[in-house]
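Undergrad: All chains should be modelled from the sequences, with the hints used to inform the complete structure.
Now for the letters of each chain:
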Amino acid sequence: MIEGDLLRVEAVSKTFESVRAVNDVSFAVSRGEILGFLGPNGAGKTTTIRMILGIFDPDSGAIRSSLDGGRNHVPKERTGYLPEERGLYSDAKVLDLLVYFGELKGLDRAESRVRAREWLGRFDLLDWAAKRVEKLSKGMQQKVQFVAAILHRPDLVVLDEPFSGLDPVNQNVLREVIAGLKDDGAAILLSSHRMNLVEELCDRIFLIHNGRRVLYGDLDEIKESHGEHAVRIRFTGDGSPLADMTAVRNLRLDEGHATFTLDRSASVDEFVRHLPDSIVIRALSVDRPPLHDIFVQTVEGRAS
Amino acid sequence: MRLGKVIRWEFGQSIRSKQFLIITILIPAILAIGVFAASRAFGSDSSAASDPPPAIIGIFLAIILYLGAFMSGVMTMYGVMKEKQSRVVEMMLSSVSAWELVCGKLIGLGLAGLIQVIVWATLVYVGASQFMPISLASLTLVHWVTYPLYFVLGYLFIGSIFGTIGAAIKDIHSGGAVGFAGMIPYLPMLFTALIVQQPGLLWIRIAGFIPPFVPSIMLLRIGATPLVTEGAEFVPTWEIALSLASLALGTFLMMRFATKVFEVGMLMTGKSASLRELWRWGRRRG
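Residue numbers (our numbering), protein chains in the order written: chain A, 1 to 304; chain B, 1 to 286.
Simulated from the structure, these hints should not be mistaken for lab results. C-beta atoms are modelled at their ideal positions from N, C-alpha and C, and glycine is treated no differently. Hints may contain errors.
Listing some non-contacts, in silico: residues in chain A with all C-beta distances to chain B over 12 Å [to be verified]:
#, residue
1, Arg-8
2, Glu-10
3, Glu-33
4, Arg-117
5, Leu-181
6, His-193
7, Arg-212
8, His-226
9, Phe-235
10, Arg-252
11, Asp-263
12, Ile-281
13, Arg-288
14, His-292
Computed from the model, here is a short list of chain A residues facing chain B with C-beta under 7 Å [unchecked claim]:
#, residue
15, Lys-76
16, Pro-83
17, Tyr-89
18, Ser-90
19, Glu-103
20, Lys-105
Negatives, chain A to chain B, calculated, CB over 12 Å [claimed, not checked]:
#, residue
21, Met-140
22, Asp-238
23, Thr-261
24, Glu-270
TA: As structure tokens, this is what we get:
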């Protein structure tokens, strides 16, 4: 096993009743990396996550980690989990609850208390430490639950929709915290439907659909190889030869202005070198397809 | 040890809740009134000869212990349902195993129940001794040894039944047939008068070895036997030993069953389980 591979999911499958929820899924996450774990609703994300965290056992395949001595799961004290379905003990006091979660993950009581106060301070919640959880707003509870997930400095962090329900200011705070965890060497599995955040935060992505892997790899490479580049040109001269270029799709040609997409098979470099001489370029932009489009195209392509 | 932490948390949360105060203080108040009324009724019979014998305390204790196990069981069911409804369970299961969580809940809430029962028993004893010639001195070694064992095992058995129900049903209104499972251990209570009057009947003795019925029947039998049978005859030791062994085995299996149902039931909150599904969940491997 490569030193960096903190988590390795190997050919894992899980069947419920007669439904194959997860089918032969493999991927790895290494330290200091954020893997975007994507997929439409019901694709098998939560089931996969629960197997990684040892809540379910896979029917076949293995979950391996450089943290354990060859056992078939990641040690629970080393993982931190923010589930999509949020929930805390509503009648417990905030600080007590955090201390409890810290203790369950192996911190001693005093250490757990110090860290809980530290994090509450960071999320601007210190005034609420002695309040019952039910008195907090949804966004506050969300932050408390995030703290509960990472209080013990886990090596493997699994975050399911960590930004939902947070205002923009808190989203920024959380983004910084997640980046900080990554810099400290945690391996992070980030599941989200917010493609802009995934694009911003993740190094690599894994797209699961109907329980199977449909995309996996470096985000930049996936963007290079999937979807169509969006091209915009401002020019002077005659733009009509653009329509004859084989790489050009969906051309919209106005006076001095053209927008179109490049055919998947075309290379950007080739295309630019062979632009017609009849136009003088004033501005040119070639944008990689947004992850959102890749997601939709891939999933819809598979569905049909 | 994680189990110890779960126990401490559940215990601490439980004794700090409002329900606990209400049940621990309010119920004894009602009982005290009942005892007072009963003592009046006994008193109106006038003649000193009809006073209850001192050993009736054994029956009192039996009923209190069994009531205590029932209350703790119901608290366990609510605890499990709350865990499920608040969805905290997914985070918990990423920290502890289902077995640790179920055991921790049962033991933690059971300890709180034990405090409750001690409070009740003390209050009832103090109250009742004002009106009746009862005395702790009439309790024998057999009572002191067996009552705690029947209470602890009985609670764990009943608690795991209620915990199973809590994990299997969506909310308190949709228990269906599953909800009735919680009543099974209470069937012998229908025959309380008979058990107290004739604790040596064959079918009562046989029922005393069946795990769900063990605590109620044996507590009453042990309490009643010295009252109705003159002289040395007591519940035979082998019967006590066999019933305890049977209860211990039943409790272990019930806790295992509860854990399995918990594992499946807690993570699918959409619906309540039918009895058949419950059975399938409970036997599920892995």
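Undergrad: It remains to establish, for every hint, whether it holds in the given structure.
TA: Against the structure, the hints:
1. No Cβ of chain B comes within 12 Å of the Cβ of A/Arg-8; the nearest lies about 19 Å off, and the non-interface call holds.
2. A cut-off of 12 Å between C-beta atoms confirms that A/Glu-10 is not in contact with chain B; the least separation is 18 Å.
3. Distance check for A/Glu-33 against chain B: the nearest CB is about 20 Å away, which clears 12 Å, and the non-interface claim stands.
4. A/Arg-117, annotated as away from the interface, keeps every beta carbon of chain B farther than 12 Å; the closest lies near 19 Å.
5. In this structure A/Leu-181 is separated from chain B by more than 12 Å, as the shortest Cβ-Cβ distance comes to about 17 Å.
6. With a least CB separation of 19 Å from chain B, A/His-193 remains clear of the 12 Å interface cut-off, as annotated.
7. Non-interface status of A/Arg-212 relative to chain B is upheld: no Cβ of that chain comes within 12 Å, the nearest being about 22 Å off.
8. The beta carbon of A/His-226 is kept farther than 12 Å from every beta carbon of chain B, the shortest such distance being approximately 33 Å.
9. Chain B leaves A/Phe-235 outside its interface by the beta-carbon criterion, the shortest separation being 56 Å against a cut-off of 12 Å.
10. Once the 12 Å rule is applied to beta carbons, A/Arg-252 is consistent with being away from chain B; the minimum gap is 47 Å.
11. With a closest Cβ-Cβ approach of about 45 Å to chain B, A/Asp-263 is found to remain outside the 12 Å limit, as its non-interface label requires.
12. Interface exclusion of A/Ile-281 from chain B stands, the closest Cβ pair being 55 Å apart, more than 12 Å.
13. The beta carbon of A/Arg-288 is kept farther than 12 Å from every beta carbon of chain B, the shortest such distance being approximately 36 Å.
14. Even its closest Cβ contact with chain B, about 28 Å, leaves A/His-292 beyond 12 Å, as expected for a residue assigned away from the interface.
15. Residue-level restraint check for A/Lys-76 holds (minimum Cβ-Cβ distance to chain B is 6 Å; threshold 7 Å).
16. For A/Pro-83, the suggested interface contact is upheld, since its CB lies about 4 Å from the closest CB of chain B, less than 7 Å.
17. With a least beta-carbon distance of about 6 Å to chain B, the hint placing A/Tyr-89 at the interface is held under the 7 Å criterion.
18. Interface hint status for A/Ser-90: upheld, as the beta-carbon distance to the closest one in chain B is roughly 6 Å, under 7 Å.
19. Because the beta carbon of A/Glu-103 sits about 5 Å from the nearest beta carbon in chain B, less than 7 Å, this interface hint is met.
20. Restraint check, A/Lys-105 versus chain B: the minimum CB separation of about 6 Å is within 7 Å; hint holds.
21. The claim that A/Met-140 is not at the interface with chain B holds, since no C-beta of that chain comes within 12 Å of its own (minimum 16 Å).
22. Annotated as non-interface, A/Asp-238 keeps its C-beta farther than 12 Å from every C-beta of chain B; the closest such distance is 63 Å.
23. No beta-carbon of chain B is positioned within 12 Å of the beta-carbon of A/Thr-261; the least distance is around 42 Å.
24. Chain B leaves A/Glu-270 outside its interface by the beta-carbon criterion, the shortest separation being 50 Å against a cut-off of 12 Å.
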